[in-house]
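2 protein chains.
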Amino acid sequence: MDGLSRKIYLELKEPSREDAVSSQERILRALRADYGDVYMPYRILRMLYPICDASGWRLTVTLGWNGGRWEVTNLEKGDTTAAHYGVCADLGSTTVAMQLVDCRTGKILASSSVYNRQTAYGGDILTRIFYTKDHPEHLEELRRATIDTFMDAFADLQRQTGIVPEACAAMTVAGNMTMIHFLIGMDPFCIFSAPYAVRADHPDFLPAEELGFPFHGYVYCYPGRANYLGGDIISGLIASGIARKEEICVFLDIGTNGELVVGNREFLLCGAGAAGPALEGGSVKTGMCAQAGAVQHVRMDGQHFICDVIGGGEAKGICGSGIVDLIAELFLHGWVDIRGRFVPEASERIVEREGEYAVEYAPSLYFYQCDLDEFLSTKAAAATMVEYMMNLIGLTMQDVGEFQVAGAFGAYIDKESAVTIGLYPDLERSRLISAGNTSLKGAYEMLLHKEYLAEAADILDRMEYVQFGEVEDFIHLMGAARALPHTDLSRYPSVVDKLRKNGIQGF
Amino acid sequence: MDGLSRKIYLELKEPSREDAVSSQERILRALRADYGDVYMPYRILRMLYPICDASGWRLTVTLGWNGGRWEVTNLEKGDTTAAHYGVCADLGSTTVAMQLVDCRTGKILASSSVYNRQTAYGGDILTRIFYTKDHPEHLEELRRATIDTFMDAFADLQRQTGIVPEACAAMTVAGNMTMIHFLIGMDPFCIFSAPYAVRADHPDFLPAEELGFPFHGYVYCYPGRANYLGGDIISGLIASGIARKEEICVFLDIGTNGELVVGNREFLLCGAGAAGPALEGGSVKTGMCAQAGAVQHVRMDGQHFICDVIGGGEAKGICGSGIVDLIAELFLHGWVDIRGRFVPEASERIVEREGEYAVEYAPSLYFYQCDLDEFLSTKAAAATMVEYMMNLIGLTMQDVGEFQVAGAFGAYIDKESAVTIGLYPDLERSRLISAGNTSLKGAYEMLLHKEYLAEAADILDRMEYVQFGEVEDFIHLMGAARALPHTDLSRYPSVVDKLRKNGIQGF
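Note that the protein sequences, when read in sequence, are chains A and B. Each residue of the first sequence is one higher than the one before, counting from 0 in numbering that gives the first Met the number 0. Each residue of the second sequence is one higher than the one before, counting from 0 in numbering that gives the first Met the number 0.
Hints listed in this document are in silico derivations from the structure and should not be mistaken for laboratory results. In this text, a Cβ means the ideal position worked out from N, Cα and C, and glycines have one as well. You may find that some hints are simply not true.
Unchecked claim - Short, incomplete list of chain A residues facing chain B, as computed with Cβ under 10 Å: (1) 21; (2) 116; (3) 184; (4) 210; (5) 213; (6) 407; (7) 410; (8) 427; (9) 430; (10) 434; (11) 453.
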């Protein structure tokens with residue numbers, strides 16, 4: 000492993016008249032060939048005695064990359080290279096996911112997911128930002144809450160493994176721009192107010208103790224590209240590997256906002272849009288988060304809906320993955336047409352309620368025409384962002400090498416359903432990739448691969464921002480993408496096949 | 000000035016939609032061309048708001064070299080480049096000399112010399128070292144005393160100038176190996192016990208706050224070459240400039256120990272010996288330090304001694320520069336012969352006391368034959384160190400380009416007298432240079448010239464140690480150097496001239 004921290008066991012000859020160099024130089028010269036001029040800070044200078052003599056000059060040196068050079072962050076007696084730990088974290092606005100990693104083998108020893116204590120100051124990011132505005136003491140509360148959240152995760156990891164946080168040699172964090180501002184205690188108001196120039200987007204390597212973490216070593220925070228494209232996306236791109244690929248790939252992160260990157264080792268186009276809420280069930284009448292009681296998957300069996308409810312109890316609402324399934328099933332069974340309109344004659348379960356058509360997908364839970372409209376607009380926006388970028392480079396969706404979808408949404412959504420409604424392109428299914436928590440994965444990769452620092456810098460350099468809002472063409476494309484799965488059916492042969500198999504009229 | 004700290008006034012455009020880079024990048028990109036990738040630490044990231052906006056983007060950035068790269072150490076509103084201060088210090092075992100420097104002009108704004116509070120734990124270094132042995136809490140007392148000594152100097156400089164220590168941007172310190180160990184709090188016992196491998200000899204750049212100094216920025220401690228050749232000598236060599244010269248020069252630092260370097264831009268030979276005590280008046284019966292009551296200069300007028308007493312009162316004893324004058328005068332007047340023996344027939348003021356000849360140089364103060372013997376042995380050792388090194392490179396004393404004598408001894412000694420007794424070679428007097436506190440001067444130079452970092456590293460690399468103790472030839476040379484001024488009178492034509500002018504027999 001070639002990570003941001005190293006542990007090196009040294010067996011040194013003790014000082015003699017023939018070789019009377021200092022303890023410091025005795026250690027540093029043994030490292031010079033591999034690590035250049037290593038810096039030995041004040042704390043370590045003061046540790047040289049008695050540890051060098053007391054260990055019989057058999058020492059383990061821990062090095063941490065400080066952004067400019069290697070620095071000694073610990074000295075231990077004997078060979079402790081087997082105990083080389085690090086942590087990587089995805090600092091999300093709702094949840095912080097952290098992993099304790101054996102940096103020698105790359106093995107993930109434990110994972111922890113804790114609620115972000117910032118939520119006490121507001122469920123959504125904007126509420127938290129307004130809370131801190133013009134109140135430095137409130138900003139300090141948010142910073143403290145962020146650190147405390149990490150401390151929760153450290154404690155959880157310790158509970159699982161018995162390994163204390165002090166044993167960590169390095170840490171990597173990926174988070175969006177606001178989260179990183181809160182972590183460092185920087186006023187975040189700028190992130191959401193014109194001209195959207197943030198305070199700092201390259202935190203670089205910060206000493207763990209200064210931030211308030213309980214170990215000696217450095218914390219790397221992924222740099223961000225702009226207010227809406229933070230370190231979580233750069234981290235995600237490192238994890239996705241698309242900046243190293245020859246084929247042109249799509250990286251789509253759907254959360255509260257949607258972030259999109261299209262590119263390969265030669266170019267990277269990026270964009271962002273407020274695509275998220277509806278896709279996550281936010282604008283649907285009975286929509287809810289993916290928590291206990293949410294319908295996460297739906298299948299139709301004749302006139303019946305078979306719902307997979309989180310937690311197994313009674314359905315209380317429907318989350319994003321459930322909605323995608325529901326619309327796909329309604330469409331494949333002819334209950335909704337290509338324009339996204341209920342077809343009341345298809346089933347008597349399509350009823351009129353509150354002046355519009357609706358279907359009861361679970362006891363007393365209805366999915367309305369307006370829900371369909373809302374969701375399809377959002378899916379059209381998301382799909383069009385991708386299509387628009389592919390058009391920009393003169394290619395079609397069929398030229399996409401990999402279509403990677405990051406985040407929880409990507410993890411839980413059913414690929415077939417997503418293709419059916421036209422949210423995903425109709426590609427070989429192996430090219431449709433649920434990438435998972437790429438922000439965390441990128442943090443993990445960086446912890447273990449120092450060479451990705453250069454790749455992250457290169458990605459930032461190469462990223463070109465595409466502004467969707469300003470393009471007339473975009474509106475036109477989006478109109479076509481509003482259909483199920485798309486106005487141009489030739490792009491969705493597998494969906495047409497299914498419709499034909501189901502005997503749906505007009506295909 | 001091209002020093003270890005910089006202050007740069009920036010007038011930046013405020014963020015706009017066209018140019019919405021972060022506050023951090025807005026500052027760093029303005030510095031990149033001149034300073035490369037500058038590091039902005041945690042403390043400064045947190046200062047970006049509100050100072051950037053509040054100053055209207057008219058900011059002064061303070062940079063400090065941290066050993067690996069430039070680091071932002073302060074941000075101030077408006078143009079404060081006129082207030083750019085640094086301190087340089089010679090950390091001596093008895094006295095700490097410190098200067099407050101205007102880093103913009105190089106002007107020394109104030110100088111302070113304070114007693115080293117370590118003396119409370121022992122007048123000589125060894126006592127202090129033994130005090131700390133196996134007692135970490137005693138070592139901590141010595142470290143604290145060292146910092147407190149610097150604080151005394153900081154306070155004195157503030158009293159003189161009104162400039163607070165917090166206004167400093169950088170600090171340089173030169174001290175011998177023991178002093179630097181005490182400053183950092185490293186166990187120093189190794190310095191004086193075989194095999195003389197010290198703890199650390201390259202402190203590099205340490206954060207001022209960590210050491211306990213009251214400013215933000217870095218402290219550079221000169222590296223040392225070996226236990227007996229510390230940072231004070233490397234600093235002295237930087238000040239002397241001999242490592243840059245074409246002509247071969249001699250650098251001699253006479254203090255408690257004598258350190259010697261002979262060389263030029265191509266080579267540097269170094270050595271050390273316990274030459275000091277006698278030369279400083281230590282082994283002379285009526286010898287004393289250069290303080291009030293000490294005879295610092297002597298002239299003979301016929302049978303009378305005219306003494307210049309420090310403080311102007313009654314003579315209480317004689318210090319090094321007085322002894323050199325006294326011996327020179329006695330010799331030039333024929334009262335002492337070439338072998339360093341009193342010539343009782345030359346004057347009735349040469350009397351027998353306590354079984355040996357002596358002369359009353361001031362009321363009730365006598366200079367004895369044994370004092371003469373002691374002093375001439377020491378001067379022989381010092382002179383022979385130089386001669387031995389010149390011989391090693393196949394040259395004679397006449398080939399010496401500059402003969403630089405550092406330290407208080409060099410500053411107060413009379414050149415003519417030093418030549419007369421053969422302590423200095425008989426060169427053109429302009430080539431005999433009293434170099435002053437070169438340790439402090441080197442610290443001053445480093446503060447203002449970052450390029451000397453490379454020279455200091457180069458000096459350390461090139462220094463070759465010459466071990467005098469092990470050489471038979473040395474003993475032979477020293478015998479010849481014991482004479483006044485030297486057995487080989489042809490080397491001292493100016494002294495022979497004076498003797499002839501005075502009508503002394505045999506010349």
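Quick rundown of the hints versus the structure:
| no. | hint | in the structure |
| --- | --- | --- |
| 1 | 21 | holds, 4 Å |
| 2 | 116 | violated, 20 Å |
| 3 | 184 | holds, 5 Å |
| 4 | 210 | holds, 7 Å |
| 5 | 213 | violated, 16 Å |
| 6 | 407 | violated, 29 Å |
| 7 | 410 | violated, 32 Å |
| 8 | 427 | violated, 40 Å |
| 9 | 430 | violated, 35 Å |
| 10 | 434 | violated, 27 Å |
| 11 | 453 | violated, 13 Å |
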